[in-house]
Amino acid sequence: MTDALMSVRDVSRVFSLGHGPFTRQGHLRALDRVSFDLFPGEVLAVVGESGSGKSTLSRIMLGLDRPSGGEVLLEGKPVETYRRRAFARIVQPVFQDPYSSLNPHKTVRQLIEMPLVIAGEEGKAERLRKVRELLDILRMPTRMLDAYPSQMSGGQRQRVAIARALISRPRIVICDEPTSALDVSVQAQVLNLLMELRATFQLTYIFISHDLSVVEYIADRVAVLQEGKLVELADVGTLFASPRCDYTRQLLESALTIPRVEESMRPPDGPNL
Amino acid sequence: MKMASPPDKTTPGRPVLEARNLSVTIATPRGEVKAVRGVNLSVAHGETLGIVGESGSGKSVTSLALMRLMPSNADVTADRLVLGETDLLSVSERRMADLRGQRMAMIFQEPMTALNPVLTIGRQLVETHRRHRRASVAEARAHATDLLDRVGVPRPSERLGSYPHQLSGGLRQRVMIAMALMCDPDLIIADEPTTALDVTIQAQILDLLAEIQAERGLAMIFISHDIGVVARIAHQVQVMYGGQTVERGSVTDVLSRPEHPYTRALLSAVPRRGMRWGRDKLGAATWNGLGEGGGE
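Chains as they are written, first to last, in our numbering: chain A, 1 to 273; chain B, 274 to 569.
Same shape as in the complex, but just chain B (with noise of 0.2 angstroms):
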């Protein structure tokens, strides 16, 4: 098992990916929700970042926001939004685009929905690698290939030609994966990447990502509401609950050693090995200390 030991928690090197004081406000006929609210993050070459947090936390519209991909009645605010040397909030939409797929690249949950269904591997993978640099069909299907064999999917060559749904799920997502690295990105920023496998693809497709990120020196954003997941895989963790970060630090210190009570009581409420109803009890105490919560 690939598992990289915790970096100390002054990672020398300046952060790939900084934010400062990030809110996500969202329009909707009800009135404002307002989805994440001051968050600060930041995630360094070879580091990954894992964020956890239950449904509603704003996990996953922290990172839509941070690639910009947000509707246009979500109202992106931060103090500060940097990519290595590049200001987030001010790039055009269309430098953002070329900067998705360049220098950030993002897996999804469910490889079914994020790949077109109608266009072979090869042509999409051919295309995010044509469309950022310009390469030759034969330089691009070349890399593609390499890529393929590297994140250990059989018979690269031939698999060029395969339609999504004639892959496994597993095999779907070390496509993604592969698809995530065509342009050799700095930073990836992978959204429950793992939850909708078996736990043995599962297991396969973090020490592959773990693998990758270690060999390339990326900085990565893992997004989980699985604990055992970020575990494995992060180095800083950050809680969420109700858009706020509510914990961060070292994945061996928040585990180990969480301070605060909404923590606490996630991580008790996390069945682990050797735990037995009768001699252990799961805590199931809601914790109501921001805005509304589930109290019973």
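So here's chain A without its partners, still in its complex pose (with noise of 0.2 angstroms):
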């Protein structure tokens, strides 16, 4: 068995509520002891509906947020002894929305090298260079470079977003609901190249979603998030034929999919029709 890239320990996060007038005195439980493993080079996803922590759980893992109680270990070392720096170095995120996480302001290449303006390391024609390196794995026209989050597409976006997150060569990416705000043929598109970035990069990911069909299409690993507590996590094959849980029956019985298209009725691969 190899070593756990992040493990995630009895980790729990409680909200207090009720600072403002017109609140209820309380608390959340947003994360109640969620523990697992993720291992160099899989795809874990992590699915759950509204409130159930997937988000919460992603910005813990980012290091955006701390726990109430337990430890998020990554290679094995407490991630409150990384520097910020470090810690980025390694692990990376893409959110949901590429509307709202790219600065308006910024232009492609700057959005793209800023983690390494950031880490200081690099000059100025060796950071363009990786750029341009980036946009051309991602099979964006160098001609992007100068573009404004505003002229481009939600997909040319979110790639952006993809690229900003790859561009210090992490080990780990974590993808919070990276497609859903995507057209069905644009998370076509985005899904594969992250599966193929996947093998180019070896990456690890943790993928956030509410998608069963899309989960199933590219995870290795599924753990099911219900009211904060982690009710299942097996490997896809297995969850998808004999879930354990009642909850995960549930979400797989709502989940709504299509018959298969003929194979004959399949459109060719490749160049556009």
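Keep in mind that the hints were calculated from the coordinates and are not lab data.
The beta carbon of each residue, even a glycine, is placed where N, CA and C say it ideally should be.
A hint or two may mislead.
Unchecked claim - Have a look at the derived ranges for each label pair, beta carbon to beta carbon: (1) Glu488(B) <-> Pro104(A): 44 to 52 angstroms; (2) Arg29(A) <-> Tyr436(B): 21 to 29 angstroms; (3) Glu488(B) <-> Arg169(A): 56 to 64 angstroms; (4) Glu400(B) <-> Ser150(A): 38 to 46 angstroms; (5) Ser68(A) <-> Ala370(B): 51 to 59 angstroms; (6) Gln439(B) <-> Ser68(A): 23 to 31 angstroms; (7) Arg169(A) <-> Glu400(B): 55 to 63 angstroms.
Fit chain to chain and form the complex, with the hints in mind.
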């Protein structure tokens, strides 16, 4: 058994409610003693409905929030022992909404090279070379370098967000609903791209999603969250074929799918139709 | 799971709503945008027509044009636009306001923005009814309570006093459905009614809509970007792209034997149960046959 790249140990997150004059006093347990390991090279999907704690978990794994109890280990060491920059070189995010996750005043080039600028290790020319190389891998034309987010489609923006995540060559990418704001054809492109990049860059993904068909397509293992508790964690085949937990079964039954198109009806691969 | 079988292609009876060559042109500072270009559609009693398309395909503009809810910079033209016996192109704005709610009602995606946050749901339901039916407050309240009960809102008479923010997303959408039903319309237009909801709630709401549609013999136009949702609820489906209908037919035909290359490309991009990366690959070809497209 390989060593875990990241370990979530007994993590809880309690939000206290009731600071304002109109709110109820009390506590909200967003995560309740969640534990799992993330292994190198795998795609671990986290599924659950709104309020299940998916996003709180992603924020904690990204170091954007601290657990109220328990700990997160990165390569065996508590995340608190990492300096911010060292942590960011290993773990990077891709968020849901590329319309709000990109600074509208920055060009594609500025957006993508920002992690390198912050790290402050390379000169301008070297940064530009890396940005160009990455755009090439993401199949984006280099004329996009000086474009602003407002000039781009949702799929192109999400590619920029992915490029920004990958420029510092992280080991773990935490994707929080990366395709749910996109049209289905663009979603397909981004999912295929993420999976190709996994091989190219030897990435490990945490993939947070509410869409079970997407999860089945790309995940190796699936963790199911319900009201802050990890109710099931299994490899994707097992989970879809024989879910142990009632809640998982309910989720699977509610997911809507369409019949497979006959093979002969598939559009040809490759160039535009 | 309730799911009516798709009717024959030749559904008997006159359509509740029929549009021929419907076009919408929107004047913007950068010039005219032809958002809808010559769309034909018709929907009969007891039938659900699904309209699917990606963003910018014109599906929502089509639905708003049918309700004549377009802003003044939009020009709506059609060879024919009829609701039952009424020609929607020639009726006055005032008559149109009567028709909306009474004969045709709309259910929107985000109930929190469609409901008035400072009025109780009882007040909003009763107001709809009194506006159109001139019923007494007591009658309207009784009717509202019955409908809330029908759409599965627990303790309906207490709920009349609740404000929208006190309800969950699923309950709010049930209230929206009750509100659409208050005047017993012939046609319901639902624009992405379950998109903001969790999957388990979505399944409940779709079942509820299908039940109510069947039990009242309603005509329903159901707009969604989600083909799985349309497959679950619609009998007929119309696929839109670039403001035009590219394919139309029964759900079974269109989804299992798509003829148009756009429909095929769209369907191949949808992840289905049992598809795995490495063994299967989602189709990511962009279809570029109509005007602009996302070719890369």
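Which constraints among the numbered hints does this structure fail? Numbers only, ascending. none
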